[in-house]
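Chains as they are written, first to last, in the working numbering: chain A, 1 to 251; chain B, 1 to 251; chain C, 1 to 251.
Treat the hints with caution; some may be incorrect.
Unchecked claim - If you anchor each label on the Cβ, the simulated ranges turn out as follows:
no. : chain 1 : residue 1 : chain 2 : residue 2 : range
1   : B       : Ala10     : C       : Ala10     : 49 to 59 Å
2   : A       : Met1      : C       : Ala10     : 36 to 46 Å
3   : A       : Glu31     : C       : Ile2      : 22 to 32 Å
4   : C       : Asn17     : A       : Thr48     : 18 to 28 Å
5   : A       : Met1      : C       : Ser9      : 51 to 61 Å
6   : B       : Gln111    : C       : Leu50     : 27 to 37 Å
7   : B       : Ala10     : A       : Met1      : 15 to 25 Å
8   : C       : Asp191    : B       : Thr205    : 25 to 35 Å
9   : A       : Gly53     : C       : Val19     : 17 to 27 Å
10  : B       : Leu220    : C       : Asp191    : 21 to 31 Å
11  : C       : Thr235    : A       : Pro49     : 34 to 44 Å
12  : C       : Gln111    : B       : Asp216    : 30 to 40 Å
13  : C       : Ile237    : B       : Thr48     : 49 to 59 Å
To be verified - For lysine-lysine, the following DSSO-like pairs were computed, each having C-alpha atoms within a straight-line distance of at most 30 Å:
no. : chain 1 : residue 1 : chain 2 : residue 2
14  : C       : Lys204    : B       : Lys213
15  : A       : Lys126    : C       : Lys213
16  : B       : Lys175    : B       : Lys204
17  : B       : Lys11     : A       : Lys204
18  : B       : Lys204    : A       : Lys227
19  : B       : Lys190    : C       : Lys213
Please keep in mind that the hints were generated in silico from the structure rather than gathered at the bench.
The structure displayed is predicted, hence computed values, not measured ones.
Each residue gets a CB set at the ideal place from its N, CA and C atoms; glycine is no exception.
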Amino acid sequence: MIHTTAIISAKAKIGKNVVIGAFTIIHDNVEIGDFTEIGTHCEIGISTPLSDGSPLQFGAHTQIRSHSIFYEGSSFGDRLVTGHRVTVREGTRAGINLQIGTLSDLQGDCQIGDYVRFHSNVHIGKKSTIGNFVWIFPYVVLTNDPTPPSSSLLGCEIGDYSAIATMSVILPGVKIGQHCLIGAHACVGKDVADGMIAAGVPAKTLGPTSNIKLRDGSGLSAYPWTKHFNRGYPTEIVETWTKEAHDYPVS
Amino acid sequence: MIHTTAIISAKAKIGKNVVIGAFTIIHDNVEIGDFTEIGTHCEIGISTPLSDGSPLQFGAHTQIRSHSIFYEGSSFGDRLVTGHRVTVREGTRAGINLQIGTLSDLQGDCQIGDYVRFHSNVHIGKKSTIGNFVWIFPYVVLTNDPTPPSSSLLGCEIGDYSAIATMSVILPGVKIGQHCLIGAHACVGKDVADGMIAAGVPAKTLGPTSNIKLRDGSGLSAYPWTKHFNRGYPTEIVETWTKEAHDYPVS
Amino acid sequence: MIHTTAIISAKAKIGKNVVIGAFTIIHDNVEIGDFTEIGTHCEIGISTPLSDGSPLQFGAHTQIRSHSIFYEGSSFGDRLVTGHRVTVREGTRAGINLQIGTLSDLQGDCQIGDYVRFHSNVHIGKKSTIGNFVWIFPYVVLTNDPTPPSSSLLGCEIGDYSAIATMSVILPGVKIGQHCLIGAHACVGKDVADGMIAAGVPAKTLGPTSNIKLRDGSGLSAYPWTKHFNRGYPTEIVETWTKEAHDYPVS
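Take the sequences, apply the hints, and build the full model.
Here you go:
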C-alpha cells in the first residue's frame, strides 16, 4: 500500500490500511490515522523551528490529494479531505470532516471547527478562528495585519454556518456572525451580525439572508442553506437540520 | 523519450514521438497524441467516480508543463499548451490550440472553444461555456452558484473574442457577449452586450470597446484586438482577421 | 547533501555545502551559491528560447522550498528565501534578501531591489520595477497590458518601503511612490505620491500614511513601518532606521 518510490521516515507513526503514493515524502514527526490515503508528490510533516514540537496528526479516513504539503505541529479530526497542492503550516487545529480545496494555503496558528469547507485557492491567515459548518469559496483571504507590515496581528472570526463568496477579503479583527452570507468580491471591514448579508467594497450590510430565494424555481428561501443542501454530510447531522429549527436567527 | 523514473500504465495509449519527464505518472485511462511533451512531476489521468468512464484525450503536439494534474474524462484538440501546476478535472471539453496558464484550475464539466487563452491562476467553475478566441487574465473566477452553497448551478457564458481582465469575478449565469472587454477588478452581475466594456464593483456598461485607443502612440483603436494582435495564431486565421471585417459589432 | 533521487546536470555549477532534496531536478544552465538549500520536487533552470542564454544564478545562503520552479536567465543576490511552489520565469533580476511567498508567480523580465518581501500568491507581471524594502501581500497583481491583449506592455513601478495590501491590482504603467500604503482590495489606476494612502475601486488617495496609528494600544504612528517593525532585517539596516530619520516624506 506504500509505493516503492515513497520515502517514509522510520519515526513516523503510520496506522493500518494506509496508502501512500509515488514520490511522496513522510518526515519524522507525523502520526497518520487508519484507512488514510495520501497521494503522489506530497511532502508531509516538514519540521520547523516555529512549531512547538507537537506532531502532525491526521485522524482516520483522511484523504490527501497529490502535491500537498503539511508542516509538523498541526492536528485534524477524522475524515480530513484535501484537494491537490494544498499548503498547511504549523499550529493549525481543526475538527472533524474538514475539506481543503486545491491550492488553498493555511498559514497556521488557527482554529477550525467541524465540517468546514474550504473551496479552491482559499488563504487563511494566522490567528483566524472559524466555527462549524462554515463555507469559504475560491480566492477568499482572511487577513490579520491591520497596519502591514506589523507584529500586532488581529485574526478574523467566522461564525457557524456562514458562507463567504468568492474573491472576498475579510479585514483584520472582523467578526462575522453565524448564518451570514458575504457576497462575492466584497471587502469586509466591519463586523457582520448573525443572519445578515454583507457585500460591496467597502462591504455594507444589505439585510437578512432569508430575503434570498433559491434560483431553482421552488420559491424557497436559500438560507439557512441547511434546509436544502446536505451533500456530503452524515445522516445524523442532516436529521438535526431537517427536524429542528436549530437556532437560526430570525430577521 | 520517456524518463526512466516516470511511471506509465501499460493500459495508457501513447502516440509516436512522445516525451515524458522525470517523476511523472500516467494512469490507465489516457490517450496521448503524437509529438506530445509532458513535463516532470505531473499526474495524468487520475480516475474518479464522478467521471463517465471516458478517457483523458490529448491531441497531437500537446505540451504539458511540469507539476500539472489532469483527471480522466476530459478531451482537448491538438496543440494544447499548459503552464506549470495546472489542475484540470473531468468533463472539460476543449477545442484546438487551448492555452492554460500556470496555476489555473479548471473544475471540469465545461465547454471551451478553439484558440482560447487562459493566463495564470484562472479559475473556471463547472458549467462554464467559453467561445472561441477568448482571453481570460490572471485571478479571474467564473462562478456558478447563485446561492452558495446550493445544488442549482448556473454556468457563465463568454462570447467569442471577449477579454476578461485580471481579478474579475463573473457571477453565476451571466452571459458576456462577443468582442467584450471586462475591466480589471470587476464584479459582473448582469449580462454584457456584444462589443461593450463593463467594469466596476458592481460592474456597469461603460460604452463600446471601440472607444479605447492603443497606448502605443498609433492612435488606432485597441479593439477589436484581432486588428493589431496576432502572436501565436496560425497564418490562415490571421489572414481572415486582416482581410475581412469579420462580424465585429458596430457600436 | 544531494539526495540520491535528485537529478543534477553535470553542467550545473554547484557551490560548497549545498543541500538538494529528493526528486528535484537541476538543469544545465544553473549556478548555485554556497550554503544553499533546495527542497524536494523542484525543477531548477528550465531552458527557454525566450531567454538570452544567461544562467540562473542563486547567491550564497539561498533557501528554495519544495515544489518550486525557476527558469534559466534570472539572477538573485545572496539570501533569497522562497516558500513552496513558486514559479519564476527568465529575466528576473533581484537584489539581496528577497523573499518570495508560497504560490507566487513572477512572470520574468522585471527588476527587484534589495530586501523585498512578497507574501503568498503574488503575481508580478513582466516589466515591473520594484524598489528596496517593498512589501507585497497575498493575491496582489502587478499588471502590464493597458489594452489586453496587446503587445504594448507598460510595467508598474513600486517605490522603496511601500506596502501593497492583499487582493489589490496595480494597473499598467502606474507609479507608486516611496513609503506608500495601498489598502486591501484596491484597483489602482493613477500614480500615488510619496507617503500617501490609496484605497478603493477605483483607488483614491486618502491622505498621508502618518495618519494611521498602530492597533497595539501604543498610540504610535504605524508608518513609516521601519520605526516599529524589523523582523528579519540585519542589524546594520535596522540601526539606520532607528538612528536616522531617513528620507521619509513629511505629509
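query = Which earlier hints turn out false for this structure, listed by number in ascending order?
reply = 1, 5, 11, 12, 17, 18, 19
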